[in-house]
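Colleague: Take the given structure of chain A and dock chain B to it, following the hints.
Chains as they are written, first to last, in the numbering used here: chain A, 1 to 264; chain B, 1001 to 1439.
One or more hints might be untrue.
[As the list claims (entries may be wrong)] EDC-like, lysine to aspartate or glutamate: derived pairs with alpha carbons at most 16 Å apart:
id, chain 1, residue 1, chain 2, residue 2
1, A, K138, A, D52
2, A, K38, B, D1433
3, A, K245, A, E221
4, A, K204, B, E1363
5, A, K38, B, D1426
6, A, K5, B, D1149
[To be verified] Now the stretches of chain A that chain B is said to cover, found in silico as 3 or more residues with beta-carbon under 8 Å:
id, stretch
7, 159 to 167
8, 201 to 207
It is worth saying that the hints were derived from the structure and are not from the lab.
Since this is a predicted model, take the numbers as computed values, not measurements.
The beta-carbon is built from N, C-alpha and C at its ideal position, and this holds for glycine as well.
Spelled out from the first residue to the last, the chains are:
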Amino acid sequence: MATRKIEVPVMSDLFARGERPEFLFWVGCAGAFDDRYKKVVRAFVKILAHLDVSYAVLGKEETCTGDPARRAGNEMLYQMQALQVIRLLKAYDVKKIITICPHCFNIFKNEYPDLDGNFEVINYLQFLERFIEEGKLKIDQASLNNISVTYHDPCYLGRANDIYQEPRSILKRLTGGFVEMHRNRSFALCCGAGGGQMFKEAEKGDKEIFIERTEDALKTEASVIATACPFCMTMLTDGLKYKNKENDVKNLDIAELIAQSLGL
Amino acid sequence: MTRQIIFAITLLITFVVFFYTINRIVRYFRLTRPAFPVRNLWKRFGLMMKVAFGQTKIFRRPVIGFAHALVFWGFCVIIFGSIEMVIDGLTGTEKALKFLGPVHDFFMASGDIFALLVAASIIIFMIRRLFFHIRRFEGTEMKKRSHIDAAAALSLILLLMISLLAMNTGYVGWKTIAGEKIYGLYPLSRVLAGLFPDMSSGNFSIMHQISWWTHILLIFIFANYLPYSKHFHVFMSVPNVFLSRLEPLGKLTNMDNITREVRLMLDHDAALAAVPADAPVERFGVKDAEDANWKSYFDSLSCTECGRCTSVCPANLTGKKLSPRKVMMDLRARMKEKGPSVLKYGRDFNDNRSLLRDFISEEELWACTTCNACAKECPININHPSLIVDMRRYLVMEEASAPGELKAVFNNIENNGAPWQYSAEDRLNWAKDLEININ
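Bound-form chain A, shown alone:
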């Protein structure tokens, strides 16, 4: 099998050459710095390359959207970040943003407009689902040998933005073995990382939220827990380790499952 090297296009380089990409791919902090989640980003840009999408990343110019600060009550810091980001995006004449992180998605889509940051914001699942619908991205159930997969709804895609259908539609095309957890869609239990919890110890209690949620997933007896959020991935992967299940059950992002089924 032949391979092709991929260069990830960087916005400033394209601009220097007078090129304008159609999409900005917003990588996010976890994509840039979390070793596990870097693999998800790599899988996603492989799909972008496979689809020949016109896009660019900000690279070293990317910064925090301000989401963790905002949810932790630091509105001042959030708005300073947000106004910087908006200024940068406008300087690059960005019209459409693809995000993989639901937290970045939510803040771009719902909160930046209050600060005059109006962009067309697309979550990667919506983006990929559209290519699948149009027949440009061909995935079929046989490719994953019908492994059983369950899906954990990230709060900021599900309840926050009512995106429930796309991940399920994609997963059902990928495998005939899709199973729901008993708490799913708008009833889904949080992984425990939202609202700034990702970066701190949980308050005193009798259980960790991520363990409770991992147990939900393990009850389905699926061999793969599909996630669509970097923080959910950290939490559920930790949960699998805690339960000594990391060898039996894999926690993969939907982008990784697609890349795998396409043989990328």
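Modeller: Same frame as chain A, now just chain B:
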């Protein structure tokens, strides 16, 4: 005539007491802050029809939700008969709305049947509260008073339904034996009247009289009990749904006063020109009841303490102190405690207590994951996370108080543009040595 005068005086007392109480509560809204302008009235009307009258969110728990929906729909049809009773009581008529013909028949018949359905649902609720250990009816915020309140309201509703059925049965029995025309249809009470074959027309009439007065007096008592009870939601829930935040649950409200400050930092001259010189200095976020916006306070008044929010809260489920229901109950209680003095002595009034810490601890506030499960679950669209985040805003921006790890996150974002302590120079490391297979 004497009857009408007695009735009119009773009704007057009911209204005077009711409006006195309502005014006591409503005046606290003057202390609250702006939330959002109430626009999109058609959309709001649609939402109210769906969520309030359609009971869609209560059906997230289909079985017990159905029992509640029966009670709600029952109230909606029975109120027609109550209005007729008030007219009858004031004017001395009998079945004053009978001129509505089939409409009158419909409301009398459905009220008659719903009286039994409501009573049955109430009995189910009572049995659940008394004999089943339902987790969401427990919790630190559920004091003995809350349980008594629940039992009292349920008992009142049950008595209302029994008296309604007795009234209808009396009416049907009395009119049937006397050979007079019956106005309205009473499918259930007709059967009930048949259970007393030996009762005379006179006795049925007395039964009707007694239960008529019992029913209407219970309504008056119930109406005046509600504002002091968690069952105030009978009045508040429909308007609360109408006044819902229409934004996606994930969206937090922008703090425009912060935007002014930040723009001032980024572009001094332009922003300075936009700020009126006499703009009042306002506390950032919520420390005490009067810092909350009117919607949060409305939410707190509408809360029925059903505990659906707390029962789905990931923090509460795993033993943390946070309970979204408690947050709402605390705001209501604190406003009741402090509100009168603030109205009297002004905003500078200080009783050395506050909603933060004396009611809601920092530990509770920091346990929230902003997952919005509570807001999604609330049958009447209460939004707990917005209040929780408003309180975090006070802690962080006025007191610089936050868990140490979060302070580190703030520093990192400020210095490296990421919550972790990594350099922006490394942001593209993931993109090295990438290749794909081509078939």
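Colleague: For each hint, tell me whether it holds in the structure or not.
Modeller: Hints versus structure:
1. K138(A) with D52(A): Roughly 14 Å separates the two Cα atoms, so the pair holds.
2. K38(A) with D1433(B): Cα-Cα ~13 Å, so holds.
3. K245(A) with E221(A): Roughly 11 Å between the alpha carbons, so the hint for K245(A) and E221(A) holds.
4. K204(A) with E1363(B): holds (9 Å)
5. K38(A) with D1426(B): Given that 16 Å is the threshold and the Cα spacing comes to 12 Å, the pair holds.
6. K5(A) with D1149(B): violated (70 Å)
7. 159 to 167: holds (count 4)
8. 201 to 207: Coverage by chain B holds for the stretch 201 to 207 of chain A (7 residues, Cβ < 8 Å).
Going through the hint list in order, the structure does not satisfy hint 6, though it satisfies all others.
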